[in-house]
Structures are given as structure tokens and as C-alpha cells.
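Please work from the sequences and hints to get the whole structure.
Mapped onto my numbering, the consecutive letters of the sequence shown carry residue numbers -15 to 163.
Hints were generated in silico from the structure; no laboratory data involved. A virtual CB, placed ideally from N, CA and C, is assigned to each residue, including glycine. Accuracy of the hints is not assured; some may be wrong.
[Stated by the list, open to error] Simulated crosslink set (DSS-like; lysine-lysine; CA at most 30 Å straight-line): (1) Lys115 x Lys105; (2) Lys14 x Lys105; (3) Lys115 x Lys14.
[Unchecked claim] What follows is a list of derived Cβ distance ranges for each label pair: (4) Pro(-1) x Met21: 28 to 34 Å; (5) Asp135 x Gln69: 26 to 32 Å; (6) Glu11 x Gly47: 21 to 27 Å; (7) Tyr(-4) x Arg38: 23 to 29 Å.
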Amino acid sequence: MLQTYVTADELYAMPDDGFRYELVRGELVKMPPAGAMHGSVESRIDGSLGPYVRSLRLGEAFGSDTGFQLAPDHVLAPDASFVSQSRIPASGLPERFFPGVPDLAVEVISPSERERHISEKIDDYLQYGCKMVVLIRPRTRRVEVHTPNRDVQILESGDVLDGGDAVPGWQLPVNDIFE
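Below, the structure written as C-alpha cells:
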């Protein structure tokens, strides 16, 4: 199969074919529809993060269809995300991809995702300035919190996910993510 270099503008202009795509250094990465467990976990994150952010007017929370343009040929779409009010353009939210990374990126890991791809995503988010990347692993019921210049924090049943510097004051018990 011939590989074609794609830009963020070309990705944005693509017709909807029912799939989600990310763009990694010019290469389209097709993401199949999520499974039921993935969707349930994603919904629980959105259901906690969105209302919290809106109630305190901290910025904007986004769902999985939002693309974040890290570079002209690099667009990632986390399962849930947050951008602080100070980073929202004065003109309002762009119609196209958000320019830059979110302050918080949440990725719900599917069984088909490869660890190398997951590690590269974490590195990309943090390299481009994301304050916190949260990986949720439904199969093992674990949550990993990645921040710049810190070790990975592993959370399990009984622990509480804290928004830290990315979303001050936001907390979600790990048990609430999976039950």
C-alpha cells in the first residue's frame, strides 16, 4: 500500500467515512469504533470533568471527537481533554482543530492498542506542553498519571484521580471510573 503524507488541513477536509483518525507525523492512523467498556469509561470521565469545568468556568472540556494540532502534520484526539480558559483564543474556540495540546489529555486504552504507540502518544503530549496525561486501562482497572518531570503515578481501586496542576480541584474516585 502506498503511504501518502497528509497534513492537518487535509485531514480536516476529509469526508466523514465513519471512522476517527489521528495524524502522526503525516501518517493517518485509523481508529475503529470503541467497544462498550471503552465507551462507558469515556462517558464517566466526561460526566465528571465537563460539569466540574463548566461550574467553575475553568475553560473547556472536550470529548473524543476533538482534534488537537501539535504540528502541521500531527493531530491527536484524546478520549477526553481539558483546556484552561487562559489558553482559549480571545476570538473563541476555533472551528478547526485546537492549536496545541490540551492541559489534560485522557486516553482510554483499547485492547488493540500497542504499547509502543501508547508510549509515543504520552511522549508527544508531554513534549508539546501537556500538563497531565491520564491513561485508563479498563482491563486491569488501573489508571496511570503522567506529568512532565515526574514518575508515573499508578492508581487502583480505592485511590482518587486528582486533576493536579492541569485541572485544579477536580477529583474522581478510581472506583467511579470502572463501576
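Taking the hints in turn, this is what the structure says about them:
1. Lys115 x Lys105: 14 Å, holds
2. Lys14 x Lys105: The hint holds at about 15 Å.
3. Lys115 x Lys14: 26 Å, holds
4. Pro(-1) x Met21: 28 to 34 Å: Given about 30 Å between the Cβ atoms, the range holds.
5. Asp135 x Gln69: 26 to 32 Å: 29 Å, holds
6. Glu11 x Gly47: 21 to 27 Å: Since the Cβ atoms of Glu11 and Gly47 sit about 24 Å apart, the hinted range of 21 to 27 Å holds.
7. Tyr(-4) x Arg38: 23 to 29 Å: Between Tyr(-4) and Arg38, where Cβ atoms are some 26 Å apart, the hint holds.
Hint violations for this structure: none, all hints satisfied.
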